[in-house]
Amino acid sequence: MTPRAPQPAPAALPRRAVVVGGNRIPFARAGGAYAKASNQDMLTAALDGLVARFGLQDETIGEVAAGAVLKHSRDFNLTREAVLGSALAPTTPAYDLQQACATGMEAVVGLSNKIRLGQIDSAIAGGVDSASDAPIAVSEGLRAILLDLNRAKTVRRRARILARLRPKDLSPDSPSTSEPRTGLSMGEHQALTTKQWNITRQAQDELALASHQNLAAAYDRGFFDDLITPYRGVARDNNLRADSTLAKLASLKPVFGKNLGAAATMTAGNSTPLTDGASTVLLASEEWATAHDLPMLATVVDGEAGAVDFVHGRDGLLMAPAFAVPRLLARNGLTLDDLDFVEIHEAFAGTVLATLAAWEDPDFGRDRLGLDGAFGTVDRGRLNVNGSSLAAGHPFAATGGRLVATLAKMLHDAGTVDGRPARGLISVCAAGGQGVVALLEASVQDA
Amino acid sequence: MRSRSAPGADSYTAFVNRGFGRVLARRLGLPRPAILRRYTPGAPLLAGPVLVVGVGAGADALAGALLAWQLDVRRHATPGERLAAIVVVLDELAHPDELSDPVRAAGASLRDLAGNGRVVTISRPAAADQAPAPAAARHAVDGILRSLAKELRAGSTANGLMLADGVAPDAPNTLGALRFLLSARSAFVDGQFLSVGTPGQAGAIDRARPLDGRVAVVTGAARGIGAAIARTLARDGAAVIAVDVPAAGDHLAAVANEIRGTALQVDITAADAGERILAHAAQRHGRLDIVVHNAGITRDKLLANMDAARWDSVIAVNIAAQLRINEALLASDLFTRSPRIVSVSSTSGIAGNRGQTNYAASKAGVIGMVKATAPLLAGRGGTVNAVAPGFIETEMTARIPFATREVARRLNSLQQGGKPADVAEAIAFLASDAAAGVTGNVLRVCGQNLVGQ
Numbered sequence: 001m002t003p004r005a006p007q008p009a010p011a012a013l014p015r016r017a018v019v020v021g022g023n024r025i026p027f028a029r030a031g032g033a034y035a036k037a038s039n040q041d042m043l044t045a046a047l048d049g050l051v052a053r054f055g056l057q058d059e060t061i062g063e064v065a066a067g068a069v070l071k072h073s074r075d076f077n078l079t080r081e082a083v084l085g086s087a088l089a090p091t092t093p094a095y096d097l098q099q100a101c102a103t104g105m106e107a108v109v110g111l112s113n114k115i116r117l118g119q120i121d122s123a124i125a126g127g128v129d130s131a132s133d134a135p136i137a138v139s140e141g142l143r144a145i146l147l148d149l150n151r152a153k154t155v156r157r158r159a160r161i162l163a164r165l166r167p168k169d170l171s172p173d174s175p176s177t178s179e180p181r182t183g184l185s186m187g188e189h190q191a192l193t194t195k196q197w198n199i200t201r202q203a204q205d206e207l208a209l210a211s212h213q214n215l216a217a218a219y220d221r222g223f224f225d226d227l228i229t230p231y232r233g234v235a236r237d238n239n240l241r242a243d244s245t246l247a248k249l250a251s252l253k254p255v256f257g258k259n260l261g262a263a264a265t266m267t268a269g270n271s272t273p274l275t276d277g278a279s280t281v282l283l284a285s286e287e288w289a290t291a292h293d294l295p296m297l298a299t300v301v302d303g304e305a306g307a308v309d310f311v312h313g314r315d316g317l318l319m320a321p322a323f324a325v326p327r328l329l330a331r332n333g334l335t336l337d338d339l340d341f342v343e344i345h346e347a348f349a350g351t352v353l354a355t356l357a358a359w360e361d362p363d364f365g366r367d368r369l370g371l372d373g374a375f376g377t378v379d380r381g382r383l384n385v386n387g388s389s390l391a392a393g394h395p396f397a398a399t400g401g402r403l404v405a406t407l408a409k410m411l412h413d414a415g416t417v418d419g420r421p422a423r424g425l426i427s428v429c430a431a432g433g434q435g436v437v438a439l440l441e442a443s444v445q446d447a
Numbered sequence: 001m002r003s004r005s006a007p008g009a010d011s012y013t014a015f016v017n018r019g020f021g022r023v024l025a026r027r028l029g030l031p032r033p034a035i036l037r038r039y040t041p042g043a044p045l046l047a048g049p050v051l052v053v054g055v056g057a058g059a060d061a062l063a064g065a066l067l068a069w070q071l072d073v074r075r076h077a078t079p080g081e082r083l084a085a086i087v088v089v090l091d092e093l094a095h096p097d098e099l100s101d102p103v104r105a106a107g108a109s110l111r112d113l114a115g116n117g118r119v120v121t122i123s124r125p126a127a128a129d130q131a132p133a134p135a136a137a138r139h140a141v142d143g144i145l146r147s148l149a150k151e152l153r154a155g156s157t158a159n160g161l162m163l164a165d166g167v168a169p170d171a172p173n174t175l176g177a178l179r180f181l182l183s184a185r186s187a188f189v190d191g192q193f194l195s196v197g198t199p200g201q202a203g204a205i206d207r208a209r210p211l212d213g214r215v216a217v218v219t220g221a222a223r224g225i226g227a228a229i230a231r232t233l234a235r236d237g238a239a240v241i242a243v244d245v246p247a248a249g250d251h252l253a254a255v256a257n258e259i260r261g262t263a264l265q266v267d268i269t270a271a272d273a274g275e276r277i278l279a280h281a282a283q284r285h286g287r288l289d290i291v292v293h294n295a296g297i298t299r300d301k302l303l304a305n306m307d308a309a310r311w312d313s314v315i316a317v318n319i320a321a322q323l324r325i326n327e328a329l330l331a332s333d334l335f336t337r338s339p340r341i342v343s344v345s346s347t348s349g350i351a352g353n354r355g356q357t358n359y360a361a362s363k364a365g366v367i368g369m370v371k372a373t374a375p376l377l378a379g380r381g382g383t384v385n386a387v388a389p390g391f392i393e394t395e396m397t398a399r400i401p402f403a404t405r406e407v408a409r410r411l412n413s414l415q416q417g418g419k420p421a422d423v424a425e426a427i428a429f430l431a432s433d434a435a436a437g438v439t440g441n442v443l444r445v446c447g448q449n450l451v452g453q
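Line by line, the protein sequences give chains Y and Z. The numbering of the first sequence is the numbering used here, which starts it at 1 and goes up by one. The numbering of the second sequence is the numbering used here, which starts it at 1 and goes up by one.
Accuracy of the hints is not assured; some may be wrong.
Computed from the model, here is a short list of chain Y residues facing chain Z with C-beta under 8 Å [to be verified]:
| id | residue |
| --- | --- |
| 1 | F54 |
| 2 | A87 |
| 3 | G222 |
| 4 | D293 |
Some residues of chain Y that are not near chain Z, with every Cβ distance over 12 Å (derived) [to be verified]:
| id | residue |
| --- | --- |
| 5 | P14 |
| 6 | A45 |
| 7 | L70 |
| 8 | Q98 |
| 9 | G110 |
| 10 | R232 |
| 11 | G233 |
| 12 | A250 |
| 13 | E286 |
| 14 | L334 |
| 15 | L336 |
| 16 | D337 |
| 17 | V385 |
Distance windows between CB atoms, simulated [to be verified]:
| id | chain 1 | residue 1 | chain 2 | residue 2 | range |
| --- | --- | --- | --- | --- | --- |
| 18 | Y | R143 | Z | S313 | 43 to 49 Å |
| 19 | Y | E360 | Z | D312 | 46 to 52 Å |
| 20 | Y | T416 | Z | A408 | 54 to 60 Å |
| 21 | Y | V444 | Z | A309 | 39 to 45 Å |
| 22 | Y | V444 | Z | A68 | 55 to 61 Å |
| 23 | Z | E275 | Y | R15 | 28 to 34 Å |
| 24 | Y | A35 | Z | R380 | 52 to 58 Å |
| 25 | Y | R15 | Z | R287 | 26 to 32 Å |
| 26 | Y | V444 | Z | A316 | 32 to 38 Å |
I should point out that these hints are in silico values taken from the structure, not numbers from a laboratory. Keep in mind that this is a model prediction, so the values were computed, not measured. In this text, a Cβ means the ideal position worked out from N, Cα and C, and glycines have one as well.
The following block holds chain Y by itself, in its conformation from the complex (with noise of 0.2 Å):
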């Protein structure tokens, strides 16, 4: 495979994106808090929470775009739903999209895009999931049953497509996180990845600590108040384990590449769990936001997709982006030591460091990037300062919104670094082999 060039620089685009704010309800580890609750319920409170927070109350929206990876068949407006159940507008248009785990992120690319292109003026870009309410479908031959006997005229025929009926149909066919090319789950298939990258357990271990710990640290300063609304008796993240330690992370069995022996080293502690919740991200023209007397805390700057052959073994499932962020890097003429802070996806720790790995590797720089040498390295101190997916748990089209708002955020609270705007990354990995990655700069104002 030849390396994918980067792109020139795009056209100037008439005018720039910013992210006004987000909010999200707290995450909630799957089967509890929200076991009742359906996307629609969740996407709506979270809504909701963002018109309060901005007074929103009864404003068209020029556009919502949001999804959930595990989706209903009768939630085909799931997004337009929420909307006419929100307190927003009636008259505020609606669409559900999806692509996997970075539903979130492309959401808000492609709604930033649009807002640049002034097609619109305002956006809100969301995501929801739930694990707990996951739609549950009959066996294809149960189905293939019912579909003919739909069809069929007569008591006699009708009688005949009964008598296919067997035992094994009737058992139900649950969604699962497994690739359908492969039929292996997306932890087996990091447990590949982590260990072509030799990615040790310490390491992981260590990682998920640090994500609990600077998530508990971001809640105890307050930095979450205007981030998330509560939800159901839920006011943080309940995956968040504070006072997590190495010593009771080590003590975790391996749940993933168990058949690799000693090499396993992907725990539940190391892994994402299963987790319902729902993010939004208020986005708008700098116009639109002025004008409406809203902060304006973050430009969203360039957003890049990628794509892996994991089917074939070369990269690993969750290896998109890292192609796709030097590509997006090239493309805006920086490189990752020109990054103030740097957000990755931890759908699992192995992820994050077979990434980190990769871009550190000068074989990998030069053979599949087409660089020099090795992309570069990630100052540890500039990754996921504020946790991530580990500590708040991943219900999965929710995590963009929920990392796009968050480093928003910190964008604007470090305001400027050296004289220019600080910038951030965010790289989201996502299944069938995908990513979305996007570059996003503090929204500094001419005083």
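On the provided structure of chain Y, position chain Z as indicated by the hints.
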């Protein structure tokens, strides 16, 4: 949606106000609390004539001012004619002997006072630098008013205005406060005095939206009395910034969305709470006019068993946070245009309550703070007052055991608990231009609770 009848609601009052219950209560001599008339936008100020009692220029001028409000004003009573209100003007008292005529004249008309009627005295405060006779006469009004309020029935109330020397009975500041006491906004205010001075000058009063264009912060706005305050200020035209702790954010968001305000999740005990509130107001509105310190907690325990956590948390939330936020407000350029601060105190802070030394300390502390803050705001035409609710029907009081709750809610002249909206109406008044003459006051909203003043 909230249910119309909360658990623990006062079903007794509803029972004795209709059919068999009315007959039974009358025969048995049971308390018969009235259903209080409460404010609805657009309703007339008074449902019938108002009698102005008193001789002198002040009484005449006041009668003229009430005529200008399109009220049906009487200077002499016609026995048998139902009255909606009686205003007793006693602004020129020099000796207790002068009380007899006007006070008995008012008394002779009390039988004609309609249900939910209003009696308002207008007098001047006694002071140590006065001659003994006028001081005696002036302070006598205190005893008259508080006793009279206890005589009234059927939802009628009696309250008084104490005019500073130099404030005329028909001055705008007097009229603003008088209108509140005559109106249904003061339904649960009974047996109380408001002092009226000249810290500011009342403008046009009691328009349909008296707080139009104002920006108001309400702390503890997620539920109960705070939510009612937010709703009432919004109804009166204010843009409301609803503040509560992050953990109450879901209820807070619902209130903010209902009143088209904004929700600001901040713990008021945080060192930078005042700055965060000001920053939000600056960003979204470019101004801040009204701050209502409503947020409060109880951690009851007999003093003998009081631990540091209970004591310290109550002091931190109920008074220390208000002091710190007020410092930030006073230092801000945003809070300079006739600003208003209203703090929620409590009858516990006036009369004390067993098991509430910490709470009473904080709520009495609020009263001390308000009196000392008034001069600091006077320079910018601002006012600061406290409202002290008595027994109010909230989720919190609904959790009091039945018998205790039933006794507590009857122990006042109106024989019932107040509603969160009653507290909110008093606060909305104090936040408005109509209350420009009222500062450093503690207004009880307690139905003339039998404890304390």
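Outcome of the hint check:
1. This hint holds: Y/F54 has a C-beta 7 Å from the nearest C-beta of chain Z, less than the 8 Å allowed.
2. The beta carbon of Y/A87 is positioned within 8 Å of a beta carbon in chain Z (closest approach about 4 Å), and the interface hint is therefore held.
3. Restraint check, Y/G222 versus chain Z: the minimum CB separation of about 6 Å is within 8 Å; hint holds.
4. For Y/D293, the suggested interface contact is upheld, since its CB lies about 5 Å from the closest CB of chain Z, less than 8 Å.
5. For Y/P14, the requirement that its beta carbon stay farther than 12 Å from each beta carbon of chain Z is met, with the minimum near 26 Å.
6. With a closest Cβ-Cβ approach of about 7 Å to chain Z, Y/A45 is found to fall inside the 12 Å limit, against its non-interface label.
7. Taking the minimum C-beta to C-beta distance to chain Z, about 24 Å, the non-interface status of Y/L70 holds against the 12 Å cut.
8. Here Y/Q98 stays apart from chain Z, with its beta-carbon at least about 27 Å from theirs, past the 12 Å limit.
9. The claim that Y/G110 lies off the interface holds: its Cβ sits roughly 27 Å from the closest Cβ of chain Z, which is beyond the 12 Å cut-off.
10. A beta-carbon of chain Z is positioned within 12 Å of the beta-carbon of Y/R232; the least distance is around 8 Å.
11. Its closest Cβ contact with chain Z, about 9 Å, brings Y/G233 to no more than 12 Å, contrary to its assignment away from the interface.
12. Non-interface status of Y/A250 relative to chain Z is upheld: no Cβ of that chain comes within 12 Å, the nearest being about 33 Å off.
13. At roughly 15 Å, the least C-beta separation between Y/E286 and chain Z is larger than 12 Å, which holds for a residue marked as non-interface.
14. Y/L334, annotated as away from the interface, keeps every beta carbon of chain Z farther than 12 Å; the closest lies near 30 Å.
15. Listed as a non-interface residue, Y/L336 keeps its Cβ farther than 12 Å from every Cβ of chain Z; the least gap is roughly 33 Å.
16. Its beta-carbon lying about 33 Å from the closest one in chain Z, Y/D337 satisfies the requirement of being farther than 12 Å from that chain.
17. For Y/V385, the condition that its CB be more than 12 Å from all CB atoms of chain Z holds, with the nearest at approximately 20 Å.
18. Distance hint check: the CB atoms of Y/R143 and Z/S313 are about 59 Å apart, inconsistent with the given range 43 to 49 Å.
19. Taking 46 to 52 Å as the suggested C-beta distance range, the pair Y/E360 and Z/D312 conforms, at roughly 51 Å.
20. For Y/T416 and Z/A408, the hinted distance range of 54 to 60 Å is satisfied, since their beta carbons lie about 58 Å from each other.
21. Taking 39 to 45 Å as the suggested C-beta distance range, the pair Y/V444 and Z/A309 conforms, at roughly 44 Å.
22. Between Y/V444 and Z/A68 the Cβ separation comes to about 56 Å, which falls inside the hinted range of 55 to 61 Å.
23. The hint said 28 to 34 Å for the Cβ distance between Z/E275 and Y/R15, and at roughly 32 Å that hint holds.
24. The hinted window of 52 to 58 Å between Y/A35 and Z/R380 holds, with their beta carbons roughly 54 Å apart.
25. At about 29 Å, the CB distance of Y/R15 to Z/R287 agrees with the hint of 26 to 32 Å.
26. Separated by about 37 Å at the C-beta atoms, Y/V444 and Z/A316 satisfy the suggested range of 32 to 38 Å.
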